[in-house]
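Peer 1: Using the hints provided, position chains V, X, W, D, B and F relative to the given structure of chain R.
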Amino acid sequence: MNIKPLGDRVVIKKVEVEEKTKSGIVLPSSAKEQPQIAEVVAVGAGITEDEKKKDEIKVGDKVIFSKYAGTEIKVDEVEYTIVKLADILAVVQ
Amino acid sequence: MNIKPLGDRVVIKKVEVEEKTKSGIVLPSSAKEQPQIAEVVAVGAGITEDEKKKDEIKVGDKVIFSKYAGTEIKVDEVEYTIVKLADILAVVQ
Amino acid sequence: MNIKPLGDRVVIKKVEVEEKTKSGIVLPSSAKEQPQIAEVVAVGAGITEDEKKKDEIKVGDKVIFSKYAGTEIKVDEVEYTIVKLADILAVVQ
Amino acid sequence: MNIKPLGDRVVIKKVEVEEKTKSGIVLPSSAKEQPQIAEVVAVGAGITEDEKKKDEIKVGDKVIFSKYAGTEIKVDEVEYTIVKLADILAVVQ
Amino acid sequence: MNIKPLGDRVVIKKVEVEEKTKSGIVLPSSAKEQPQIAEVVAVGAGITEDEKKKDEIKVGDKVIFSKYAGTEIKVDEVEYTIVKLADILAVVQ
Amino acid sequence: MNIKPLGDRVVIKKVEVEEKTKSGIVLPSSAKEQPQIAEVVAVGAGITEDEKKKDEIKVGDKVIFSKYAGTEIKVDEVEYTIVKLADILAVVQ
Amino acid sequence: MNIKPLGDRVVIKKVEVEEKTKSGIVLPSSAKEQPQIAEVVAVGAGITEDEKKKDEIKVGDKVIFSKYAGTEIKVDEVEYTIVKLADILAVVQ
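Chains as they are written, first to last, in the working numbering: chain R, 964 to 1056; chain V, 964 to 1056; chain X, 964 to 1056; chain W, 964 to 1056; chain D, 964 to 1056; chain B, 964 to 1056; chain F, 964 to 1056.
By construction, these hints were calculated from the structure, which means they are not laboratory data. Even glycine gets a Cβ: it sits at the ideal position worked out from N, Cα and C. Please note that the accuracy of each hint is not assured.
Restraint ranges, calculated between C-beta atoms of paired labels, are given here [unchecked claim]:
#: 1; chain 1: F; residue 1: Lys1015; chain 2: X; residue 2: Asn965; range: 46 to 54 Å
#: 2; chain 1: B; residue 1: Asp1039; chain 2: X; residue 2: Asp1018; range: 56 to 64 Å
#: 3; chain 1: B; residue 1: Glu1002; chain 2: X; residue 2: Asp1013; range: 51 to 59 Å
#: 4; chain 1: V; residue 1: Gln1056; chain 2: W; residue 2: Lys976; range: 37 to 45 Å
#: 5; chain 1: R; residue 1: Glu1040; chain 2: X; residue 2: Glu1014; range: 57 to 65 Å
#: 6; chain 1: X; residue 1: Lys1030; chain 2: V; residue 2: Lys977; range: 22 to 30 Å
#: 7; chain 1: X; residue 1: Asp1018; chain 2: B; residue 2: Val1022; range: 49 to 57 Å
#: 8; chain 1: D; residue 1: Glu1012; chain 2: R; residue 2: Glu1014; range: 32 to 40 Å
#: 9; chain 1: D; residue 1: Gly1023; chain 2: R; residue 2: Tyr1031; range: 51 to 59 Å
#: 10; chain 1: D; residue 1: Glu1012; chain 2: R; residue 2: Lys976; range: 52 to 60 Å
#: 11; chain 1: R; residue 1: Lys1015; chain 2: X; residue 2: Asn965; range: 29 to 37 Å
#: 12; chain 1: F; residue 1: Lys1015; chain 2: R; residue 2: Gly1023; range: 23 to 31 Å
#: 13; chain 1: V; residue 1: Lys976; chain 2: X; residue 2: Lys1030; range: 30 to 38 Å
#: 14; chain 1: X; residue 1: Asp1013; chain 2: B; residue 2: Gly1023; range: 50 to 58 Å
With a straight-line Cα cutoff of 25 Å, these simulated BS3-like cross-link-like pairs (lysine-lysine) come out [what the hints assert, rightly or not]:
#: 15; chain 1: W; residue 1: Lys1021; chain 2: D; residue 2: Lys1047
#: 16; chain 1: D; residue 1: Lys976; chain 2: D; residue 2: Lys1017
#: 17; chain 1: V; residue 1: Lys1037; chain 2: R; residue 2: Lys976
#: 18; chain 1: W; residue 1: Lys977; chain 2: X; residue 2: Lys1030
#: 19; chain 1: R; residue 1: Lys1015; chain 2: V; residue 2: Lys967
#: 20; chain 1: V; residue 1: Lys967; chain 2: R; residue 2: Lys1021
#: 21; chain 1: B; residue 1: Lys1015; chain 2: D; residue 2: Lys1017
#: 22; chain 1: D; residue 1: Lys1030; chain 2: D; residue 2: Lys967
#: 23; chain 1: X; residue 1: Lys1016; chain 2: X; residue 2: Lys967
#: 24; chain 1: F; residue 1: Lys1016; chain 2: B; residue 2: Lys1017
#: 25; chain 1: W; residue 1: Lys1016; chain 2: D; residue 2: Lys1017
One chain only, chain R, in its complex shape (with noise of 0.2 Å):
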């Protein structure tokens, strides 16, 4: 990937989750506030060199991220979304 997000922004792409699997994670559609699962695919430099922030996430961890935040964008035929840190909710462990 080569994309290299600026300040406290993240690049992510998205993950499918097949609903009502035990151990899924099944996002409810009526949701007040629409979250998603994605994974997490770069880091801006605002968090991966601030002290505080840069253990909160690191790449390949999977998030919850409210839908409607971020910009989509589509390299090499695959879709990303640039997100700032403060629209990433947790991380799923």
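Peer 2: Here is chains V, X, W, D, B and F on its own, set in the frame of chain R:
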């Protein structure tokens, strides 16, 4: 539970409150900013690693939060809500 | 009382004020931002542990607050309101 | 008077101003942000204990304030207004 | 003049400007944010006691200010306007 | 010129730009935030006395600024505009 | 190029991107906040002289920015856009 909230966020699970028991807490449906009771299941590092905030809340606490705050997600058939610490009004002891 | 307000919040209980007694405080119903009298029942750590704020208010104080501020909750059949310190206008001595 | 304003607030009592006397201050009714004259009856600790603000205003001062600012209360049949220091425009000497 | 403006406020008195004299300053009536010329009659302590602001403006200066800024008052039959320093655009020398 | 802008303000005089000359700068009329070329005629002390800002702009510079920013005034039959430094986008060299 | 952007601004020149080449970056027309690719042609001193920002971006970088951000100008028949650093989402490497 396998969700790690980022920053000042907290993962909570709503608690069913029976109405009108003598020692229970009853939340009037007409309250201007409808509050609800929930149990804390995970606390973000932005809280646990902050000298001032870390004593405010911990896993297992019963809390009152604004009903319309946060994002709902479902993990292993259980519904959780991710809220910011600022959306938690009080701890019920 | 078993509610611990978080941060700069205060739990108060409204006080009934008889209108027009000579020494009582009467709040005109037409006031632009309708104030009310209440008694402080719990004060958040964000106030009690702040050098500047801790002398402003304490449990037992009678206070004037903006009527539409805060969230109402009912505990053991008693109605309380959780407000921010900034919504309390004055202490009645 | 038994009202102690919190923070940067001030308790004032409106002063009747006779219109059109030569040395009086007349406030035009068509002023964009209708000002009024009042006397200061109590000053909050956020002002009296602040090196920069404590000399700006004191009990007994006649002040010009924005008419629509603040909250009106009645104590012992006297009407007072609780305003923020920022809503007081000038001291009339 | 007996009005002491608080904080960063300034008391000014509007100056009549004759239109179209060669050396006069003419303010077009169609200006987007209609400016006006005034003379400074009192300066708040928030300005006179601030190292950076005290040289910006002084009593007697002719200034250009936004027409719709401030509060108008009348003292001894003379109309004044109380504005904030930030509403004064320039000093005319 | 006898106008001293206050704070971070700058007095500029619009420059007529002939359209479509090879080396000229042409501003399309359909630009979203219509920019214009002007010459700087006076710079406020908030800029000239600030270590970081004083090298950004000086009297005589040709600048691009947002067309709808600022306040227009007329001095000695010449039209000037008073804008904030933040409304100046670039210096044309 | 003879335009020096002020402060945290950057001058960029849009790059034509052919749709659907395997290694090209394709920007879907339905993106919520339509991004575009551009080349950086000038960087403001507020960026080059800031320890934290100076490594984020430099002349020649290909960047993704929000389509509706900035001000368009034309110099010597070439169209440029002046944007703030905060409107640049990522650098394409």
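Peer 1: Falls inside 51 to 59 Å, the C-beta gap from glutamate 1002/B to aspartate 1013/X?
Peer 2: Given about 53 Å between the Cβ atoms, the range holds.
Peer 1: In this structure, is the beta-carbon distance linking lysine 1015/F and asparagine 965/X contained in 46 to 54 Å?
Peer 2: Given a distance of about 47 Å, which is inside 46 to 54 Å, the answer is holds.
Peer 1: Regarding glycine 1023/D and tyrosine 1031/R, is the given constraint of 51 to 59 Å on their beta-carbon distance met?
Peer 2: 57 Å Cβ-Cβ, so the 51 to 59 Å window holds.
Peer 1: Taking only the CA atoms, is the gap from lysine 1016/F to lysine 1017/B under or equal to 25 Å?
Peer 2: holds (20 Å)
Peer 1: With respect to the beta-carbon atoms only, verify the hint that lysine 976/V and lysine 1030/X lie 30 to 38 Å apart.
Peer 2: holds (33 Å)
Peer 1: If I claimed the Cβ atoms of lysine 1015/F and glycine 1023/R lie 23 to 31 Å apart, would that claim hold in this structure?
Peer 2: holds (26 Å)
Peer 1: Holds or violated: are the alpha carbons of lysine 1037/V and lysine 976/R at most 25 Å from each other?
Peer 2: holds (20 Å)
Peer 1: Does 32 to 40 Å hold as the CB distance between glutamate 1012/D and glutamate 1014/R, or does it fail?
Peer 2: Since glutamate 1012/D and glutamate 1014/R have Cβ atoms about 39 Å apart, the given range 32 to 40 Å holds.
Peer 1: Starting from lysine 1015/R, check that the Cα of lysine 967/V is at most 25 Å away, please.
Peer 2: holds (16 Å)
Peer 1: Under the criterion that the straight-line Cα-Cα distance not exceed 25 Å, is the pair lysine 1016/X, lysine 967/X satisfied?
Peer 2: Roughly 17 Å separates the two Cα atoms, so the pair holds.
Peer 1: Per the hint of 52 to 60 Å, is the separation of the Cβ atoms of glutamate 1012/D and lysine 976/R within bounds?
Peer 2: holds (57 Å)
Peer 1: Does 22 to 30 Å hold as the CB distance between lysine 1030/X and lysine 977/V, or does it fail?
Peer 2: holds (29 Å)
Every hint from the earlier list agrees with this structure, and none is contradicted.
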